[in-house]
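Peer 1: Sequence:
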Amino acid sequence: MPNSTKRAAPDACSLLDTDHRNVKKMFKAYEELTHSRAADVQQKKRELANQICTELTVHAQIEEEIFYPAVREAISETDLLDEAEVEHTSAKELIAQIEAATEVDDKFDAKVIVLGEYIDHHVKEERNEIFVKARAARGLDLVAMREQLAARKEELMEELTAAA
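Going by my numbering, 146 is the number at position 146 of the sequence shown; the sequence numbering is gapless.
Note that these hints are calculated values from the structure, not bench results.
All C-beta atoms, glycine included, are put in the ideal place defined by N, C-alpha and C.
Don't take each hint at face value.
[As the list claims (entries may be wrong)] Okay, derived cross-link-like pairs now, BS3-like style, lysine-lysine, Cα gap no bigger than 25 Å in a straight line:
| id | residue 1 | residue 2 |
| --- | --- | --- |
| 1 | 92 | 44 |
| 2 | 153 | 124 |
| 3 | 24 | 44 |
| 4 | 44 | 107 |
| 5 | 124 | 24 |
| 6 | 24 | 45 |
| 7 | 111 | 25 |
| 8 | 28 | 124 |
| 9 | 111 | 44 |
| 10 | 92 | 25 |
| 11 | 45 | 92 |
| 12 | 107 | 45 |
| 13 | 111 | 24 |
| 14 | 107 | 24 |
| 15 | 107 | 92 |
| 16 | 28 | 107 |
| 17 | 24 | 92 |
| 18 | 153 | 25 |
| 19 | 45 | 25 |
| 20 | 111 | 92 |
| 21 | 153 | 24 |
[To be verified] FRET-style restraints, in silico, Cβ to Cβ:
| id | residue 1 | residue 2 | range |
| --- | --- | --- | --- |
| 22 | 102 | 78 | 38 to 46 Å |
| 23 | 132 | 36 | 33 to 41 Å |
| 24 | 77 | 157 | 27 to 35 Å |
| 25 | 125 | 9 | 18 to 26 Å |
| 26 | 157 | 9 | 22 to 30 Å |
| 27 | 143 | 72 | 16 to 24 Å |
| 28 | 158 | 34 | 28 to 36 Å |
| 29 | 136 | 29 | 29 to 37 Å |
| 30 | 69 | 24 | 22 to 30 Å |
Whenever a hint applies, use it, and build me the whole structure from the sequences.
Peer 2: Here you go:
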């Protein structure tokens with residue numbers, strides 16, 4: 001029984017998965033805006049795209065700084081982490097294009113939608129493979145790591161919102 005209570009405690013994976021769910025909702029909201037004829041739809045799209053980019057930038061950074069290195073130390077099969085880091089690089093390139101775009105046009109929409117598809121694929125691999133291996137790894141304190149991730153996320157969000 002001690003295992004089931006430990007599993008129930010919110011851990012690093014559950015924090016990261018909450019981020020995944022939140023950003024998925026934002027992508028769905030963006031897609032709904034692509035069908036809208038409202039006068040202020042371009043502005044709403046821009047604001048939502050910026051919010052998505054901020055969330056993903058912070059999420060990727062906490063994974064790369066804290067989660068991935070710890071998991072890499074704890075598991076022997078690290079090819080999944082290599083793939084995840086390559087996926088982050090592709091996502092960051094699209095994020096940079098979205099943030100640099102001067103117009104909210106069909107290409108802008110396409111970039112946001114493709115980013116959403118990338119993230120969907122990435123999330124499935126994390127949820128179904130990386131998180132499973134991380135939770136099974138010996139000596140990896142995911143509950144303590146959750147606190148580290150949350151603190152770093154808050155710090156980065158403050159930096160990004162102060163810079164905006």
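Peer 1: Next, verify each hint and record whether it holds.
Peer 2: Hints, one by one, checked against the model:
1. Among the hinted pairs, residue 92 with residue 44 is consistent with the structure: their alpha-carbon atoms are about 22 Å apart, no more than 25 Å.
2. Note on residue 153 and residue 124: the hinted pairing holds, with a Cα-Cα distance of about 22 Å set against a maximum of 25 Å.
3. Distance check on the hinted pair: residue 24 and residue 44 sit about 17 Å apart at the alpha-carbon level, within 25 Å; holds.
4. A C-alpha spacing of about 16 Å is found between residue 44 and residue 107, which places the hinted pair at or below 25 Å, so the restraint holds.
5. In summary, the hint linking residue 124 to residue 24 is supported, as the alpha carbons are separated by about 12 Å, within the 25 Å threshold.
6. Distance restraint check for residue 24 and residue 45: the Cα-Cα separation of roughly 15 Å lies within the 25 Å cut-off, and the hinted pair is therefore satisfied.
7. A distance of roughly 17 Å separates the Cα atoms of residue 111 and residue 25; the hinted pair therefore holds under the 25 Å criterion.
8. Of the supplied pair hints, the one linking residue 28 and residue 124 holds, its CA atoms being roughly 17 Å apart against a limit of 25 Å.
9. Pair hint residue 111 plus residue 44 holds up; C-alpha atoms about 16 Å apart against a cutoff of 25 Å.
10. With a CA separation close to 19 Å, the supplied pair residue 92 and residue 25 stays within the 25 Å bound.
11. Taking the CA atoms of residue 45 and residue 92, the gap is near 19 Å; set against the 25 Å cutoff, the hint holds.
12. Between residue 107 and residue 45 the CA atoms are separated by roughly 13 Å; this keeps the pair inside 25 Å, and the hint holds.
13. Between the alpha carbons of residue 111 and residue 24 the distance comes to roughly 15 Å, so the proposed pair stays at or under 25 Å and holds.
14. For a cut-off of 25 Å, the pair hint linking residue 107 to residue 24 stands: about 20 Å separates their Cα positions.
15. The hinted pair formed by residue 107 and residue 92 meets the criterion: a straight-line CA distance of about 17 Å does not exceed 25 Å.
16. Our distance criterion of 25 Å between C-alpha atoms is met by residue 28 and residue 107, whose separation comes to about 18 Å.
17. About 17 Å separates the Cα atoms of residue 24 and residue 92, which keeps this hinted pair within 25 Å; it holds.
18. Between residue 153 and residue 25, the direct Cα distance comes to roughly 19 Å. Compliance with the 25 Å bound is thereby established for this hinted pair.
19. Taking the CA atoms of residue 45 and residue 25, the gap is about 14 Å. The hint holds against a cut of 25 Å.
20. Restraint check: the Cα-Cα separation between residue 111 and residue 92 comes to about 12 Å, which is no more than 25 Å; the hinted pair holds.
21. Of the pairs offered as hints, the one joining residue 153 and residue 24 holds, with about 18 Å between alpha carbons and a cut-off of 25 Å not exceeded.
22. Between residue 102 and residue 78 the beta carbon distance is about 40 Å. The supplied range of 38 to 46 Å therefore holds.
23. The hinted window of 33 to 41 Å between residue 132 and residue 36 holds, with their beta carbons roughly 39 Å apart.
24. The beta-carbon spacing between residue 77 and residue 157, approximately 32 Å, falls within the hinted interval of 27 to 35 Å.
25. The hinted window of 18 to 26 Å between residue 125 and residue 9 holds, with their beta carbons roughly 24 Å apart.
26. Evaluation of the 22 to 30 Å hint for residue 157 and residue 9 yields a pass: the beta carbon distance comes to about 24 Å.
27. At about 19 Å, the CB distance of residue 143 to residue 72 agrees with the hint of 16 to 24 Å.
28. The hint said 28 to 36 Å for the Cβ distance between residue 158 and residue 34, and at roughly 31 Å that hint holds.
29. In this structure the hint that residue 136 and residue 29 lie 29 to 37 Å apart at CB holds, the actual value being about 35 Å.
30. About 26 Å separates the C-beta atoms of residue 69 and residue 24, a value consistent with the hinted range of 22 to 30 Å.
The earlier numbered hints are all upheld by this structure, with none contradicted.
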